[in-house]
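K.L.:
Sequence order for the protein chains is A and B.
Counting in this note's numbering, the first sequence runs from 1 upward without gaps.
Counting in this note's numbering, the second sequence runs from 252 upward without gaps.
These are computed hints drawn from the structure, not numbers from a lab.
The C-beta atom is built at its ideal place from N, Cα and C for all residues, glycine as well.
Take the hints with a grain of salt, since some may be wrong.
Stated by the list, open to error - Residues from chain A shown here face chain B by an in silico Cβ test under 8 Å; the list is partial:
| # | residue |
| --- | --- |
| 1 | GLY96 |
| 2 | ASP98 |
| 3 | ILE196 |
| 4 | ALA206 |
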Amino acid sequence: MLAKRIIPCLDVKDGRTVKGINFVNLRDAGDPVELGKAYSEQGADELVFLDIAATHEGRKTFTDMVSRVAAAISIPFTVGGGIHELADVARLLEAGADKVSLNSAALRNPQLVNDIAERFGSQVCVAAIDARHDADGWYCYVNGGRIRVERTLFDWAREVANRGAGEILFTSMDHDGVKQGFPNEALARLSDELSIPVIASGGAGAKEHFADAFRLGHADAALAASVFHFGEIKIPELKQYLHNEGICVRL
Amino acid sequence: MNVAVVKYNAGNICSVINALHRIGVEPTVTDSPTELAAADRIIFPGQGEAVNTMVYLHEKGLDDVIRGLKQPVLGICIGQQLLCTHSEEGNTPCLGIFDSCVCRFPSTSPEGKVKIPQIGWNTIEDLRTPLFDGLKDGDFVYFVHSFYVPDSAAAIAHTTYGGVTYASALHHRNFYATQFHPEKSGDVGLRILHNFIHLCHD
Numbered sequence: 001m002l003a004k005r006i007i008p009c010l011d012v013k014d015g016r017t018v019k020g021i022n023f024v025n026l027r028d029a030g031d032p033v034e035l036g037k038a039y040s041e042q043g044a045d046e047l048v049f050l051d052i053a054a055t056h057e058g059r060k061t062f063t064d065m066v067s068r069v070a071a072a073i074s075i076p077f078t079v080g081g082g083i084h085e086l087a088d089v090a091r092l093l094e095a096g097a098d099k100v101s102l103n104s105a106a107l108r109n110p111q112l113v114n115d116i117a118e119r120f121g122s123q124v125c126v127a128a129i130d131a132r133h134d135a136d137g138w139y140c141y142v143n144g145g146r147i148r149v150e151r152t153l154f155d156w157a158r159e160v161a162n163r164g165a166g167e168i169l170f171t172s173m174d175h176d177g178v179k180q181g182f183p184n185e186a187l188a189r190l191s192d193e194l195s196i197p198v199i200a201s202g203g204a205g206a207k208e209h210f211a212d213a214f215r216l217g218h219a220d221a222a223l224a225a226s227v228f229h230f231g232e233i234k235i236p237e238l239k240q241y242l243h244n245e246g247i248c249v250r251l
Numbered sequence: 252m253n254v255a256v257v258k259y260n261a262g263n264i265c266s267v268i269n270a271l272h273r274i275g276v277e278p279t280v281t282d283s284p285t286e287l288a289a290a291d292r293i294i295f296p297g298q299g300e301a302v303n304t305m306v307y308l309h310e311k312g313l314d315d316v317i318r319g320l321k322q323p324v325l326g327i328c329i330g331q332q333l334l335c336t337h338s339e340e341g342n343t344p345c346l347g348i349f350d351s352c353v354c355r356f357p358s359t360s361p362e363g364k365v366k367i368p369q370i371g372w373n374t375i376e377d378l379r380t381p382l383f384d385g386l387k388d389g390d391f392v393y394f395v396h397s398f399y400v401p402d403s404a405a406a407i408a409h410t411t412y413g414g415v416t417y418a419s420a421l422h423h424r425n426f427y428a429t430q431f432h433p434e435k436s437g438d439v440g441l442r443i444l445h446n447f448i449h450l451c452h453d
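The following block holds chain A by itself, in its conformation from the complex (with noise of 0.2 Å):
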């Protein structure tokens, strides 16, 4: 049986890994390719590298990383953050990494999605898509939730995935940091209408958090960043809690 995942999300600044990070004894807990591996032995199923520089230098350095992430991992990660074209598609994959996620370079060009699926394959292409619930329903943003695109969450998810995405990492605004669960009417309405994967991302805050985005959401996987980093949640004790609810995680 396909198994849900559990993604762990690491920001990237200048080949740095930031927020602090205190969750186990590394070396070098900025080191996003220590991080990365020890993610992978506690269990993680898949990692997820967010370039949050905007130079140059800083694409160079993050590039760097991603060679040594897949010199020293063995377990699929997605790189995003600063993919405008083809050709940056092109050299991360060429980096080793498997897939790469695209926020608002897609809204901006959507073509770039149908490009990337045909050149690279669909696999390759992740929608991240950041949502509000406004008083007039679900609403894409862009630039780091400061603007309002007006395109639906539910109809652009759909069109996303008839350009080619292979998966679609959805992320509520109301519910990142906030640590109360995750929209799981939202993630369920995604994930029914749709026909291929659904990543939950944003508003975990506890173990049961993740039972019910995959119970009640319907998701094929779910994203975390700080209950990770911080160790307020352990991937071995969260993956044990979910085989115990009777979810197939793979232990």
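With the hints as your guide, set chain B onto chain A.
P.N.:
Using the frame of chain A, we list chain B on its own:
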């Protein structure tokens, strides 16, 4: 031990090379028929689409080279599918080592809608051959695929997805193949690559 990785227009070759490095193997990446024929072990990896890949292999003369290999060969993902007789993907004839036709997952199963591609970790069961030494039924490996090889006598592992129990690994003569990606399957996958490199072959 001289391990060759077939160089062709499919993605993911660098993941295979990285994984081989981790088990202490320095492979040669080549599309030269002479180098391939001289290797002790050959890995035919990939991630891609059947029609274009077959056209490319034919143009390079690699189709006949691969068919004629006598040493242990490991096909991975599209590599497994291309070693079959025919693929529904683009309705294309393939290399014909395994007497199977590659099918697309059905879009619905008795349990409801089937998400395609299958992406993620699934179990392998009914393991046979030394390729799986040290592993057990129920171990998880990483899959990314929309097409599958139906169960047959050549199956050496089974996996179930979308209501279908299919051959997730195959063996015939000197040819082995896995639908999953051992190079992305953590320690289980590294063990499979190690087993392949150390297969007894006479």
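K.L.:
Does each hint fit the structure? Answer for all of them.
P.N.:
Each hint tested on the structure:
Nearest Cβ of chain B to the Cβ of GLY96 of chain A: about 5 Å, under the 8 Å cut. The hint holds. Against a cut-off of 8 Å between C-beta atoms, the interface hint on ASP98 of chain A holds, since the closest Cβ of chain B lies about 7 Å away. Using the Cβ-Cβ criterion of 8 Å, the hint placing ILE196 of chain A at the interface with chain B is satisfied: the shortest such distance is roughly 6 Å. Against a cut-off of 8 Å between C-beta atoms, the interface hint on ALA206 of chain A is violated, since the closest Cβ of chain B lies about 23 Å away.
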